[in-house]
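Please model the complete structure; the sequences and the hints are all you need to start from.
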Amino acid sequence: MASSSQNQGVSEYVTLISSDGFEFVLLREAACVSGAIRRMLDPTSRFKESTTGRCEFAEIKHSGIVLEKVAEYLYYNHKNRNREDVPDMEIPPELCLELLMAADYLDC
Amino acid sequence: MADEPSLPRLACDPINHSFLSGRARKRVRLESPLISSDPALFSSDDDPSAENYTQGRRKQTYRGPWYSQRPASDQDSQDFPDNPKKSKRTFERQFDSGVWLGSDGTDLDESADGMLSNNESWNLPMRQSRAIQTKDDPPSPEVLAREQIELCLEEGNESIDLSSQCLTLLSNATIRPLAAFSCVPPVTEGVFSRIEPMLKIFLASNNLTKLPAELFNLNSLTVLSLRANRIYELPPGIGKLRNLQELNISQNGMQYLPFEILDLFSEDHRLQTFIIHPNNFFQARFPEQESAQIIQKDLPYKIGLGNRARPRRVAPGRISADERRRPFSPQWEVSYKARTEVRFLDINGSHLKGPNFSNQILFGPQKFNELPVAAVGDIPTPPLPRGNQLSRAPSLLEVALVACSRTPQLPYLQSMLPKPCPEYFPRLLATVAAKKESGTTKCTICDRDFIVPRTEWIEWWEIAKRVGEKGMASAASPLRQMENERDVLERMVPLMRRGCSWLCVPETLNIEWEKMAVTI
Chain A
1 MASSSQNQGV SEYVTLISSD GFEFVLLREA ACVSGAIRRM LDPTSRFKES TTGRCEFAEI
61 KHSGIVLEKV AEYLYYNHKN RNREDVPDME IPPELCLELL MAADYLDC
Chain B
1 MADEPSLPRL ACDPINHSFL SGRARKRVRL ESPLISSDPA LFSSDDDPSA ENYTQGRRKQ
61 TYRGPWYSQR PASDQDSQDF PDNPKKSKRT FERQFDSGVW LGSDGTDLDE SADGMLSNNE
121 SWNLPMRQSR AIQTKDDPPS PEVLAREQIE LCLEEGNESI DLSSQCLTLL SNATIRPLAA
181 FSCVPPVTEG VFSRIEPMLK IFLASNNLTK LPAELFNLNS LTVLSLRANR IYELPPGIGK
241 LRNLQELNIS QNGMQYLPFE ILDLFSEDHR LQTFIIHPNN FFQARFPEQE SAQIIQKDLP
301 YKIGLGNRAR PRRVAPGRIS ADERRRPFSP QWEVSYKART EVRFLDINGS HLKGPNFSNQ
361 ILFGPQKFNE LPVAAVGDIP TPPLPRGNQL SRAPSLLEVA LVACSRTPQL PYLQSMLPKP
421 CPEYFPRLLA TVAAKKESGT TKCTICDRDF IVPRTEWIEW WEIAKRVGEK GMASAASPLR
481 QMENERDVLE RMVPLMRRGC SWLCVPETLN IEWEKMAVTI
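Same order as they appear, the protein sequences are chains A and B.
Counting from 1, one number per residue, gives the positions in the first sequence under our numbering.
Counting from 1, one number per residue, gives the positions in the second sequence under our numbering.
These are computed hints drawn from the structure, not numbers from a lab.
Each computed BS3-like pair below joins lysine-lysine, with the alpha-carbon atoms no more than 27 Å apart:
id	chain 1	residue 1	chain 2	residue 2
1	B	240	B	465
2	A	79	B	442
3	B	419	A	61
4	B	435	B	353
Put into C-alpha cells, the structure is as follows:
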C-alpha cells in the first residue's frame, strides 16, 4: 500500500511511547488504524509527532501495559484487515476498563 | 478478646441469683448451655452504629450476674474495675466471625456466654426477622412466578401460565430450572416410555420489557405467548426455539422483529401459528415513481399486491441470497421484499449516516411508522474509515466491551469507571449488561457476536402461511382484494438486520467493496 507518508520519505515505522517510558515501534500503517494517531502523524497537521514519528501518551493510565495491548490490537487489526473471518482478540479482564478509556482516547 | 471482661462460667453458682427476674428464657439455657437454637449472632459492641467506630472504641462492661447482664450503655456506664486495659485491639467490624469462628481469640464457651449476656433486642434478630419479613411484604411477582414454575416442575405440568401477574422482570434464574423439565412418564403396557416434554409458557398481559436468554434455550418450548407486554425488541435468540409451534407476540409496541426470526420458518423448525399483530411495525414507503405504477397508490395494501404482480421489482434479476441459503418450510411462504437504506454507526454506537430509526420514533410525533425504501440499485456507502481502509476487524472499543462482558464484575464496572469518562460509557456498559441478560446478538452477515452494531437496516419480508394452493390463489385474486387489505399489509414484516462492521451490508454489493478500498 503506497501511503502518502512513504512518498514524502517519512519512516515506515512510528514509535508509541507510554507515560512510564515504554516504547513500541509499529508499522505506520498499522498505527494509523487509530484515528487519533493518524491525525497526530498526518504530515499536513504540522504536529511535532508528524515529523519525529514519536507519539507520547501521557494521558493513558498505567500506560505501559495498556499501550502494549493497544499495540497488539493495532497489529491484530492490521493483520486481519482483509480477512472475511476475523478471529477474536483476547484481552485480560482486569484491563478492560483501561482499554475502554484508551479506545475512546485513541479513537479506534 | 483477652481484655474483655471474662464472664463467669455458666455453671457458676446460679442459686445465689434470682431467676425470677422475668428472664425465664435463661433458665432453659442453663440446662443445655452450649446448644442453643437461638440465632448465631453476637457482637461485643455496645452499639453497632457506625459513629462509634470513628474513635477508640468503648469496651462493653459487665456488672452483676451474667444472665442479667446488659450492655454497659444500658446502665450508667461505669467501668468494670477488673478491666483496666482498653482499646488495645485494632478494630475490625466482624459481627459474626468474631464469635463463631473464634478468630478474635475467644473460645466456644466464652462466646456462648457472651451471646447470652447480650442485649436481647440485638441478639435475637436474624432468623425471626427473616420470617417476619416474608409475612409482612407481599412476595414479589417474580417470586410467585418462581414458585409456580417449581410447582409445574414438580407436577410435570407442561403448561406454565404466568399471565396477568404484573411481572415486570423475569430473570434467567427463574427460567433456568425449566431446562431440566421432564414429564411424568406414562406407563404403556407396563413399560415406561420417555416422552419429550412440550413446554407451554404463557406470559401474556404482564409488564415485561426484557426477556431472559434462558427462555430461548428451552429446547422443548412449543408454545410461547408474550401478548400484551412492553417488549419493544425481541431478542435474536428466538430463532433457536426449534420446537416452537405457536408464537404470539401481539400488542407489544414492537417496531420490527429480529432477522433471526426467519429461522423459525426454516425446514427444521415446526412453527404453525405466528401471531404478531397488532404491533407498531414499521411500514415500507415505496418511492413515488414506483408507486405511481400502481393505480391507486394511496392504498397501502397495494404494496403487497404490487410486489406479487412484479415479484422482482425490488431486487431485479436475482433473489436475495438469504432466500437461497435457507430452505424455508413448505408450510410458509417467506420472501424478501424490500429494505431501507443502511444506517452506519460509529464505534460507540452513535448515528453517522443513513436513516435514523431508533426507538425514540416510538414516542415521537410520527403517527405512522413509515420508512422509505431504498432504491433498487442502492449501494450503501459507508463514511470514511478511520484507518486506511475498511475492514471487518472489530474496534478496540468493541474488543474491550467484549472483555467487560466476560468479567464477573460486570454489574460493578459502571461504578468503577474512572472519572471523568466519556458520557457514553455508562450507556455502553448498560448495553453489555442487557446483552448478557437477554442473549448475544450476532451479525446477520458474518455471524459474529457483537456488542455495538456498526450497520443497521430493516428488511421487509413477506411471511404468510400457505393454506394450500387454493388459499394462496384466493388471497392474490383481485376479487378479494378489499377483504384482504389488511392481510396483505400485515404480511409485510419488518426485520431488523444488524452488522458488526461497515463491510457487513446487504449482500448484493460485495463487488463494489473492492473498489471502495480507500488509500489515505
